[in-house]
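Listed below, chain by chain, are the residues.
2 protein chains.
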Amino acid sequence: MTRSSRSGNTSAPSSKDVALAAGVSQKTVSRVFNNEQYVSADVRRRVQAAAEEIGYRPNNAARALASGRTRSIGVVTLGTGLYGPASLLVGIERAVQNAGYALRVVSTLEGDPSGVAGAVESLLEQGVDGIVLSEPIDEGPLSLQVDVPVLVFGAPPSLDAPRIITAGVVSEELARLATDHLLDLGHETVHHIAGPRRWYAARDRAEGWRKALRARGAVEPPVVDGDWSARSGHAAGKALAGDDVTAVFAANDDMAIGLIRALLDAGKRVPGDVSVVGFDDTPISAYVTPPLTTVRQPFDEMASTGLRLLVHAIEQPRAGDLDPGQPPIEILVRSSTAPPRSRTTSGHERTAIPARE
Amino acid sequence: MTRSSRSGNTSAPSSKDVALAAGVSQKTVSRVFNNEQYVSADVRRRVQAAAEEIGYRPNNAARALASGRTRSIGVVTLGTGLYGPASLLVGIERAVQNAGYALRVVSTLEGDPSGVAGAVESLLEQGVDGIVLSEPIDEGPLSLQVDVPVLVFGAPPSLDAPRIITAGVVSEELARLATDHLLDLGHETVHHIAGPRRWYAARDRAEGWRKALRARGAVEPPVVDGDWSARSGHAAGKALAGDDVTAVFAANDDMAIGLIRALLDAGKRVPGDVSVVGFDDTPISAYVTPPLTTVRQPFDEMASTGLRLLVHAIEQPRAGDLDPGQPPIEILVRSSTAPPRSRTTSGHERTAIPARE
DNA sequence: ATGAAAGCGCTAACAG
DNA sequence: CTGTTAGCGCTTTCAT
Chain A
1 MTRSSRSGNT SAPSSKDVAL AAGVSQKTVS RVFNNEQYVS ADVRRRVQAA AEEIGYRPNN
61 AARALASGRT RSIGVVTLGT GLYGPASLLV GIERAVQNAG YALRVVSTLE GDPSGVAGAV
121 ESLLEQGVDG IVLSEPIDEG PLSLQVDVPV LVFGAPPSLD APRIITAGVV SEELARLATD
181 HLLDLGHETV HHIAGPRRWY AARDRAEGWR KALRARGAVE PPVVDGDWSA RSGHAAGKAL
241 AGDDVTAVFA ANDDMAIGLI RALLDAGKRV PGDVSVVGFD DTPISAYVTP PLTTVRQPFD
301 EMASTGLRLL VHAIEQPRAG DLDPGQPPIE ILVRSSTAPP RSRTTSGHER TAIPARE
Chain B
1 MTRSSRSGNT SAPSSKDVAL AAGVSQKTVS RVFNNEQYVS ADVRRRVQAA AEEIGYRPNN
61 AARALASGRT RSIGVVTLGT GLYGPASLLV GIERAVQNAG YALRVVSTLE GDPSGVAGAV
121 ESLLEQGVDG IVLSEPIDEG PLSLQVDVPV LVFGAPPSLD APRIITAGVV SEELARLATD
181 HLLDLGHETV HHIAGPRRWY AARDRAEGWR KALRARGAVE PPVVDGDWSA RSGHAAGKAL
241 AGDDVTAVFA ANDDMAIGLI RALLDAGKRV PGDVSVVGFD DTPISAYVTP PLTTVRQPFD
301 EMASTGLRLL VHAIEQPRAG DLDPGQPPIE ILVRSSTAPP RSRTTSGHER TAIPARE
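In the order they appear, the protein sequences are chains A and B. Residue 1 is where the first sequence starts when you use the UniProt record's numbering, and the numbers rise one by one after that. Residue 1 is where the second sequence starts when you use the UniProt record's numbering, and the numbers rise one by one after that.
These aren't lab readings, by the way, just hints derived from the structure by calculation. Don't take each hint at face value.
[As the list claims (entries may be wrong)] So the derived list for chain B, only partly shown, Cβ under 8 Å to chain A, looks like this:
1) Ser14
2) Ala61
3) Asn98
4) Gly100
5) Arg104
6) Gly127
7) Leu144
8) Ser158
9) Pro196
10) Asp254
11) His312
12) Ile314
13) Gln316
14) Pro317
[Claimed, not checked] Anything over 12 Å on all C-beta distances counts as not near chain B; from chain A, calculated:
15) Asp17
16) Ala49
17) Arg69
18) Ala86
19) Val106
20) Leu124
21) Gly127
22) Glu172
23) Pro196
24) Arg197
25) Val219
26) Val223
27) Arg231
28) His234
29) Gly272
30) Asp321
[What the hints assert, rightly or not] Quick list of in silico lysine-lysine cross-link-like pairs, DSS-like style, CA-CA up to 30 Å:
31) A/Lys27 - A/Lys16
32) A/Lys268 - B/Lys268
33) A/Lys27 - B/Lys16
34) B/Lys16 - B/Lys27
35) B/Lys238 - A/Lys16
36) B/Lys238 - B/Lys211
37) A/Lys268 - B/Lys27
38) A/Lys238 - A/Lys268
39) A/Lys211 - A/Lys238
40) A/Lys268 - A/Lys211
By construction, the Cβ of each residue, glycine as well, lies at the ideal position given by its N, Cα and C atoms.
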């Protein structure tokens, strides 16, 4: 507990110090701290006691240098507070720790062209056993020579790595689910407020929406572009409020909320005049006015599944890839969606919507 | 086994390989990559070309081992998607990178008693030059022997470190600002929906609210406990809707939104019958119904200022502490607050409750 | 079941 | 301006 202050202000104790104190060789200390076999219980105890006594902490830099492995995973993420990326990062954090790895994070800035390549480069210098690319924006093809496995959320970029794993891309299916819900309620078609086109997620969601419309032979209204912000949803709403729009699928909840705000300001009722579906199931979406029908991405599932695959690729370099499985997806039907007014008598009071699926 | 034979399939190239290729000593390569002076421009160019040519990347583990420094900073954060902690983490990420350091993250789980100590321990093993404790929950006193400077957001825990820096705690002032705003509008008193008491931020906000009330001699209604979620704000709203409440300060925007939902459901109008102020300025707060009056924490400022101090402590161990300065704070007045409906301004003054401190 | 020796790739002193 | 010589604290390999 107490460090000898007087004589040895000589940096942190090393395994050699522990060995000396325990009366064993340095290698034996190493064995104990790596849980290797062939150490007698007695020696193990002595070493542990000595280590505790002098406050020994293994030095990971030395470990990494000698072994070539760091037991750490690096993640490249967009440095933004947006709900999707942030939630995924939280899931990755947890999954990395659960797997017994340390986490190094490098964040990129939207609009920085060399961002992703530089971020990967920096992780490689730091030394990581695997990389998670949670970079939602298409910054063009990367050509990187990476010597560790890479887990990619979003579209796989062109990079040269021993193993590339793609995980949990469900935006398209969720968008179909959302659009189908509105169509099922009887709306003739569904408008779409999309995210920025450079985002993979925005493209996937628009694509899912488009496919749902086509499958029913519904007309495909022009996409309204947003930037994920409530502000942009609000602007889109002002544009849409004049038309005879009855149903809108917004590519995230924030835009849906801005949209609803604009609709209400324009004297429309939601869902009386216009039904709205969001995307994300942000924590407040059930409590806004009206409570928002939305779809939920299984971030934790995506992160833990993805990480399982990545760790497998790290630890069994020659084995085949595991089956990623299919993450569960769901739609949360709340009060922002209803059949179009023409099909009901009174549209504006809080009507209970039969969940249909 | 010798490395770097012509076959080239032997692990990564080292600075020795670069030296060989450039016809200089290994030390000179090191000089170039550390931007040391006293390297002729010509040699510098040759080394850089050779490095590029053979795809050399410095090995940070070796660097760290030899120098005792890692140029990395570790952060302990609560593994949650909550707006506050997540926003602060984003700010820290950016600030750490701007300072030229790498970032290691360890997240803790709410309710895990040994979490923070274990997290710090793990960072110390990984090797970091400084630590950021962005742990919003009071898990009781820590007694840790840490040998690097520590930057703390929230209350300083009891730990033994060469330098402890506390940064940007402005919750209390912001809470006063929020409460004063309602009082200034003419409300007799202000109710408060608080966060969980184990959170420093919750306590600070409740304290700011309390001080504002006392300063005016307003009665201090019992605190309503929430858990930051819109759901809990909703529950609090149901409880409050029966009483003759005219003004509420919620400790975050999510609870404010849940509260408003409950108030509206109970037939109250906001701000007609009840004024509500939130806390955080979440991105959607301007677009909910009604647009929410709220206060904003300057996360980016807090992070960059804190980090400046931390880096200073790392790089100038013997210099005094820098002046943290005061982060700017502001209230965003939107449409959820108004004067009380019956400005009857009864002549009877309420007696100030005796201050207990 | 334990130990000795030899580096991992780099930086830290010193030379020159 | 450039090179030489030692390690940093650990894992590896090979003995015992």
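Hint check results:
Taken as an interface hint, B/Ser14 does not check out: its beta carbon lies about 11 Å from the nearest beta carbon of chain A, beyond 8 Å. Evaluation of the B/Ala61 hint against chain A yields a held restraint, the C-beta minimum of about 4 Å falling below 8 Å. Checking B/Asn98 against chain A: minimum C-beta separation of about 11 Å lies over 8 Å; hint violated. Look at B/Gly100: its Cβ only gets to about 11 Å from chain A, farther than 8 Å, so that hint breaks.
Restraint check, B/Arg104 versus chain A: the minimum CB separation of about 6 Å is within 8 Å; hint holds. Interface hint at B/Gly127: satisfied, since its Cβ lies 5 Å from the closest Cβ of chain A, which is below the 8 Å cut-off. Violation of the interface hint for B/Leu144 is found here, the shortest Cβ-Cβ separation to chain A being roughly 11 Å, above the 8 Å cut-off. Because the beta carbon of B/Ser158 sits about 15 Å from the nearest beta carbon in chain A, more than 8 Å, this interface hint is broken.
Look at B/Pro196: its Cβ only gets to about 15 Å from chain A, farther than 8 Å, so that hint breaks. Checking B/Asp254 against chain A by beta carbon gives a least distance of about 5 Å; that is within 8 Å, so the hint holds. The closest approach between the C-beta of B/His312 and any C-beta of chain A is roughly 22 Å, which is over the 8 Å cut-off, so the hint fails. Hint status for B/Ile314 relative to chain A: violated, with the closest Cβ pair at about 16 Å, above 8 Å.
Evaluation of the B/Gln316 hint against chain A yields a violated restraint, the C-beta minimum of about 19 Å exceeding 8 Å. Interface restraint check: B/Pro317 against chain A, minimum CB-CB distance 13 Å, threshold 8 Å, status violated. Under the 12 Å C-beta cut-off, the non-interface status given to A/Asp17 relative to chain B holds; the minimum distance is some 15 Å. A cut-off of 12 Å between C-beta atoms confirms that A/Ala49 is not in contact with chain B; the least separation is 18 Å.
Once the 12 Å rule is applied to beta carbons, A/Arg69 is inconsistent with being away from chain B; the minimum gap is 10 Å. Not every C-beta of chain B lies more than 12 Å from that of A/Ala86, the closest at about 5 Å, which undercuts listing it as non-interface. The beta carbon of A/Val106 sits about 7 Å from the closest Cβ of chain B, which is not more than 12 Å, so the claim that it is off the interface is violated. Its beta-carbon lying about 6 Å from the closest one in chain B, A/Leu124 breaks the requirement of being farther than 12 Å from that chain.
The Cβ of A/Gly127 sits about 5 Å from the closest Cβ of chain B, inside the 12 Å cut-off, so the non-interface label is violated. With a least beta-carbon separation of about 23 Å from chain B, A/Glu172 lies farther than 12 Å from that chain, consistent with its non-interface assignment. Listed as a non-interface residue, A/Pro196 keeps its Cβ farther than 12 Å from every Cβ of chain B; the least gap is roughly 15 Å. With a least CB separation of 21 Å from chain B, A/Arg197 remains clear of the 12 Å interface cut-off, as annotated.
Every CB of chain B is more than 12 Å from the CB of A/Val219 (nearest about 29 Å), matching its label as outside the interface. The Cβ of A/Val223 sits about 21 Å from the closest Cβ of chain B, beyond the 12 Å cut-off, so the non-interface label holds. Some Cβ of chain B comes within 12 Å of the Cβ of A/Arg231; the nearest lies about 7 Å off, and the non-interface call is violated. With a minimum CB-CB distance of about 6 Å to chain B, A/His234 fails to clear the 12 Å threshold, and the non-interface call is violated.
No Cβ of chain B comes within 12 Å of the Cβ of A/Gly272; the nearest lies about 15 Å off, and the non-interface call holds. Every CB of chain B is more than 12 Å from the CB of A/Asp321 (nearest about 23 Å), matching its label as outside the interface. Restraint check for A/Lys27 and A/Lys16: satisfied, since their Cα atoms lie roughly 9 Å apart, inside the 30 Å limit. At roughly 22 Å between alpha-carbon atoms, A/Lys268 and B/Lys268 fall within 30 Å of each other, so this suggested pair holds.
Note on A/Lys27 and B/Lys16: the hinted pairing holds, with a Cα-Cα distance of about 28 Å set against a maximum of 30 Å. A distance of roughly 9 Å separates the Cα atoms of B/Lys16 and B/Lys27; the hinted pair therefore holds under the 30 Å criterion. Of the pairs offered as hints, the one joining B/Lys238 and A/Lys16 is violated, with about 64 Å between alpha carbons and a cut-off of 30 Å exceeded. Under the criterion of a C-alpha separation no larger than 30 Å, the hint pairing B/Lys238 with B/Lys211 is consistent with the structure, at around 26 Å.
A hinted pair counts as satisfied when its Cα atoms are at most 30 Å apart, and A/Lys268 with B/Lys27 does not qualify at roughly 73 Å. A distance of roughly 11 Å separates the Cα atoms of A/Lys238 and A/Lys268; the hinted pair therefore holds under the 30 Å criterion. With a C-alpha separation of about 26 Å, the suggested pairing of A/Lys211 with A/Lys238 holds against the 30 Å cut-off. Taking the CA atoms of A/Lys268 and A/Lys211, the gap is near 28 Å; set against the 30 Å cutoff, the hint holds.
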